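Residue numbers (the numbering used here), protein chains in the order written: chain H, 1 to 289; chain U, 1001 to 1289.
Calculated directly from the structure, the hints in this document are not laboratory data. All of these numbers come straight from a predicted model, not from anything done at the bench. Please note: incorrect hints may appear among the correct ones.
To list a few chain U residues with every Cβ distance to chain H over 10 Å, as calculated [as the list claims (entries may be wrong)]:
hint, residue
1, Q1009
2, E1056
3, R1097
4, L1124
5, A1135
6, R1169
7, D1196
8, E1201
9, L1220
10, A1233
11, A1247
12, E1252
13, S1260
14, G1272
15, W1284
Only part of the chain U face toward chain H is listed, based on derived beta-carbon distances under 10 Å [said to hold, decoys possible]:
hint, residue
16, L1031
17, L1035
18, P1130
The beta carbon of each residue, even a glycine, is placed where N, CA and C say it ideally should be.
Protein chains: 2
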Amino acid sequence: MNAFEAFLQATRPEVDACLQRWLPPAERDELAAALQHVVFSGGKRFRPALVLLAAEHVGGRRADAVPAAAAVELTHAYSLVHDDLPCMDDALLRRGRPCAHVVWGEATGVLAGDALQALAFEVLAHETPPARPVAAMVAALARAAGWSGLVGGQAEDLRGEGQAPELERVRRIHAGKTAAMISVSLRLGALAGGADTGRAEDLAASGLELGLAFQIVDDLLDVRSTTAELGKAAGADAAAAKLTWPAAVGEEAAERDARSLLDGALRRAGDGPGRARFAALGEWLLPRA
Amino acid sequence: MNAFEAFLQATRPEVDACLQRWLPPAERDELAAALQHVVFSGGKRFRPALVLLAAEHVGGRRADAVPAAAAVELTHAYSLVHDDLPCMDDALLRRGRPCAHVVWGEATGVLAGDALQALAFEVLAHETPPARPVAAMVAALARAAGWSGLVGGQAEDLRGEGQAPELERVRRIHAGKTAAMISVSLRLGALAGGADTGRAEDLAASGLELGLAFQIVDDLLDVRSTTAELGKAAGADAAAAKLTWPAAVGEEAAERDARSLLDGALRRAGDGPGRARFAALGEWLLPRA
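Chain H extracted, bound-state conformation (with noise of 0.2 Å):
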């Protein structure tokens, strides 16, 4: 098994332990049963995973970074039930599963989301040890999630709809609505780690390139995929005359950009333990397109 794919199997039950302890029993009520249907719907815990590499990247304890991880999971599950809903995307299924606003309604897919992305901030700096510099990961997750960032990068892809494809426009969707929220994993996994600022920027600058580099792979997945493979509804970008990096470049192009982003993530990665798993995530990432 590809050395990447093996460290999300491994990590995947730390993280689900992290996220099962905070949130609400499904029995609660039916806000609770929308959180849960959200967050264990069979995820790869793909940005966690990117947390705890970059903290054992830098020498540090995977342990102490799995709050960051929970954090960046919850922010991503709150991002998606709100990219689904009817006024946004309106998807009826993510990952084979009917959408948490089909089940319980918008009022309550609305809440989910808002419920979801605040557990985030309340995991990472309840649980984040105390030596770790926490209130600038707060600040930086909520920058990546804000409106220079995750929210912004979607309300221009809403924007965008239908316009001409330009590659700068497309970059900046990306670098918004993906890049931000995978570039801050590794920003906190590195300073949950015991890096110092420089060296969580360089993993930050990394995870940029890698984020662009897993939007194109998403892009083609799109164009190339069944609905049963995604487990959504395949063609969607173009249905909804989505502004994606082969409708810029071509297909081709695309898988060339994001094999050279891939380049780029590795080499300012730098050195460390990661250095393996940070190769293999190349391999095991770009096949899939």
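For this one, chain H is given, so just place chain U on it according to the hints.
Okay, now just chain U, sitting in the frame of chain H:
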């Protein structure tokens, strides 16, 4: 002028200056325009004033608590945008102006709320003096905002529409929807002002009673005012068959309960330089109903 009203007027520019520094300029894009519209819409800055009042009451400096005050206001603002959405309370007006989703559409309404919640944590974590227990403050705000606080209260409020207004249920909704944030305002102010955990706990308990009283007054205002006076649709609670305190116990008993809760809040706040203002707060709040 009432001493609390004077305090509202004095503290407002301090809070607004902080908010203005952190929000993107409206010209940036629609999302930024929506953020400015929502945050600068003539709100009283009641919760921020409570943060600053608590900071001074425990002997601290107002300036140290301004980031927490801004964070509480941003959280409040986010919750209003989402509450007003068509799938929630379906409001058209807020403070006499069209709601964000009416002006920019529902997707931007959702995203604006999401961005404001993230920004709350960014400002709090980035600007609170490092000598304060920033991680504990972030965790407290997140808990008050999340599934067991603000979001939980809103979810139960929506579920409760049309049900019998049992007082225990109304209390639980009001505690989540309103009092959790007012309680955390006093807690954050105390912590930013240098209080120890015990004193901060007392102020949080004071805020819980104050918050219930505040919501009872709000319920009474909804029954007794005109739309022009409120700046939003009057009688909306009854129209939506909301569970309110006056519906549970009658208007007169609701007024008595508000008064007694305010007395309790004042007692729990204990002695300190803010005592006269705490007392004035009650005198300012009650006649509004």
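Status of the hints after comparison with the structure:
| no. | hint | in the structure |
| --- | --- | --- |
| 1 | Q1009 | holds (29 Å) |
| 2 | E1056 | holds (23 Å) |
| 3 | R1097 | holds (21 Å) |
| 4 | L1124 | violated (8 Å) |
| 5 | A1135 | violated (4 Å) |
| 6 | R1169 | holds (12 Å) |
| 7 | D1196 | holds (17 Å) |
| 8 | E1201 | holds (16 Å) |
| 9 | L1220 | holds (26 Å) |
| 10 | A1233 | holds (18 Å) |
| 11 | A1247 | holds (21 Å) |
| 12 | E1252 | holds (33 Å) |
| 13 | S1260 | holds (30 Å) |
| 14 | G1272 | holds (27 Å) |
| 15 | W1284 | holds (30 Å) |
| 16 | L1031 | holds (4 Å) |
| 17 | L1035 | holds (7 Å) |
| 18 | P1130 | holds (7 Å) |
Hint compliance for this structure: hints 4 and 5 are not met, and every other hint is.
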